[in-house]
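2 protein chains.
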Amino acid sequence: MPTISTEDYIKAIYKLEEKGERATTSALAAHLGVADASITDMIKRLSEKGLLRYEPYQGVRLTAKGRKMALGILRRHRLWEMFLTQFLGYSWDRVHEEAERLEHVTSEELEHKLDEALGFPSVDPHGHPIPTKDGALVDKADSLLSACNAGDVVRISRVDDDDAKLLQHVAHLGFALNGKLVVKEKKAFDGSMVVKVGTKHHFISKQVADAIFVEPA
Amino acid sequence: MPTISTEDYIKAIYKLEEKGERATTSALAAHLGVADASITDMIKRLSEKGLLRYEPYQGVRLTAKGRKMALGILRRHRLWEMFLTQFLGYSWDRVHEEAERLEHVTSEELEHKLDEALGFPSVDPHGHPIPTKDGALVDKADSLLSACNAGDVVRISRVDDDDAKLLQHVAHLGFALNGKLVVKEKKAFDGSMVVKVGTKHHFISKQVADAIFVEPA
DNA sequence: CATAAACTTTAGGCGAACCTAAACTTTGCT
DNA sequence: AGCAAAGTTTAGGTTCGCCTAAAGTTTATG
Chain A
4 MPTISTEDYI KAIYKLEEKG ERATTSALAA HLGVADASIT DMIKRLSEKG
54 LLRYEPYQGV RLTAKGRKMA LGILRRHRLW EMFLTQFLGY SWDRVHEEAE
104 RLEHVTSEEL EHKLDEALGF PSVDPHGHPI PTKDGALVDK ADSLLSACNA
154 GDVVRISRVD DDDAKLLQHV AHLGFALNGK LVVKEKKAFD GSMVVKVGTK
204 HHFISKQVAD AIFVEPA
Chain B
4 MPTISTEDYI KAIYKLEEKG ERATTSALAA HLGVADASIT DMIKRLSEKG
54 LLRYEPYQGV RLTAKGRKMA LGILRRHRLW EMFLTQFLGY SWDRVHEEAE
104 RLEHVTSEEL EHKLDEALGF PSVDPHGHPI PTKDGALVDK ADSLLSACNA
154 GDVVRISRVD DDDAKLLQHV AHLGFALNGK LVVKEKKAFD GSMVVKVGTK
204 HHFISKQVAD AIFVEPA
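The listed protein sequences correspond, in order, to chains A and B. For the first sequence, counting from 1, position 209 maps to 212 in the numbering used here; every step adds exactly one. For the second sequence, counting from 1, position 139 maps to 142 in the numbering used here; every step adds exactly one.
It is worth saying that the hints were derived from the structure and are not from the lab. We put the beta carbon where it would ideally sit given N, CA and C, even for glycine. A hint or two may mislead.
As the list claims (entries may be wrong) - List time: in silico BS3-like cross-link candidates among lysine-lysine, alpha-carbon distance up to 27 Å:
no., chain 1, residue 1, chain 2, residue 2
1, A, K116, B, K168
2, B, K22, B, K168
3, B, K116, A, K168
4, A, K168, A, K136
5, A, K68, A, K168
6, B, K68, B, K52
7, A, K116, A, K68
8, A, K136, A, K199
9, B, K116, A, K116
Claimed, not checked - Derived CB-CB ranges, DEER-like:
no., chain 1, residue 1, chain 2, residue 2, range
10, A, G177, B, A220, 57 to 67 Å
11, A, D213, B, S29, 57 to 67 Å
12, A, R158, B, V141, 25 to 35 Å
13, B, R48, A, D39, 25 to 35 Å
14, A, K52, B, A220, 36 to 46 Å
15, B, R48, A, R64, 37 to 47 Å
16, A, H172, B, A120, 52 to 62 Å
17, A, Q171, B, T6, 24 to 34 Å
18, B, K136, A, D193, 40 to 50 Å
19, A, F123, B, H204, 24 to 34 Å
As the list claims (entries may be wrong) - Residues of chain A clear of chain B, computed beta-carbon distances all greater than 10 Å:
no., residue
20, R70
21, G92
22, R97
23, E112
24, K116
25, A120
26, D165
27, H205
28, K209
All chains, full assembly: derive it from the sequences and hints.
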């Protein structure tokens, strides 16, 4: 069984690749909260295990084996998030941290029983797709709210789950998964916007708009 | 936060003390599946942390702090066992191993939400009492089935949960928590017995009778 | 296009948790 | 009591995952 650290590294690399960014030493160090030198160290071990390809000074890329591991971790993480909200009444912003630990101690049987008890869900509480058992991941054709323009009418399809404060903030504004938004204004100079939610108008910064994915309504 | 190893050691020591046995180096080594020398090593670290009292060659004893930790771990373990059976349809014999991992990654909030979702249960699926949040543990006034004699009529109050094979075996015989048993025969020379469960008679070895606790019916 | 700034790796170390082999205590037996 | 067997500790080593400081490489800029 892989260690918790191994899983955390693989997940961090996967996330960077997902976002289209290069998984560099410094980016990983920032994400994982460890020193740069520790990344170089660990990366060598992971590359020996065939989880990633490493060329000094060039960053890393997951191998098929590494990607498969990442998807397994993501699957368990998202199943737990669903479970915590559905069965234990956890709120949106509290599930991530908890799932972050549970994902590492989940047997195949438990993974399956969770899936079953939840009715084989396809997305987690933040709208992220749950990878299937064999590692398939449907990627949504949604786009960033920050890319929308005044006049656009959209539905919230996905919200980044790794910042509890942000989630709490947007929940407080009345934003919810699948909720309707109307973009009223967009300031060119800083990308901030005014959006209508229900009957209310809210100002949101670019930072927030960058964490929300939407689909045309 | 204590490490997983620390929690495993504390739990193992607690269990030995519970059974009235001395927590010696070799007993711990056997329970934890590590070399004797590793126990001596770790025990020194734990004693520096104030979790136990250690006198070379004399075995160890938990301090109040250590006992409190042990009860917390036990509480989380048993809540998870309940949860797995009640919410995910796990069977008697499969919950222990799973809870063994989950107990180490359970926040206070999660512990409380589990407790709540289960309706604040007082015993786990094997009849073991669940310690309260503040470390109180009601000990049952039950006794070993192996101590019963022919003619006794009893109810199963508790079954050791750490041997999946044994649990599977007794479940297969039709034994269940709170189920009625009638002791028909007891062989003096090896402690084995014949007991009636429902309408059926079963032969059980002393080893099995030593894992089952009963109360007068 | 040289050089400073930014980034990455190497070198050397540390603590946790394990190991084996050897030395030392305690216990139990005759 | 004396001595062997059983149990325990010490000594010395390993791997994992981290650290800091120093050296090396890449990139960006004047």
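Margin query: Going through the numbered hints above, which ones does this structure break? Give me the numbers in ascending order.
Written below: As far as the earlier hints go, 4, 5, 8, 12, 14, 16, 19, 21, 22, 23, 24, 25 are violated by this structure, in ascending order.
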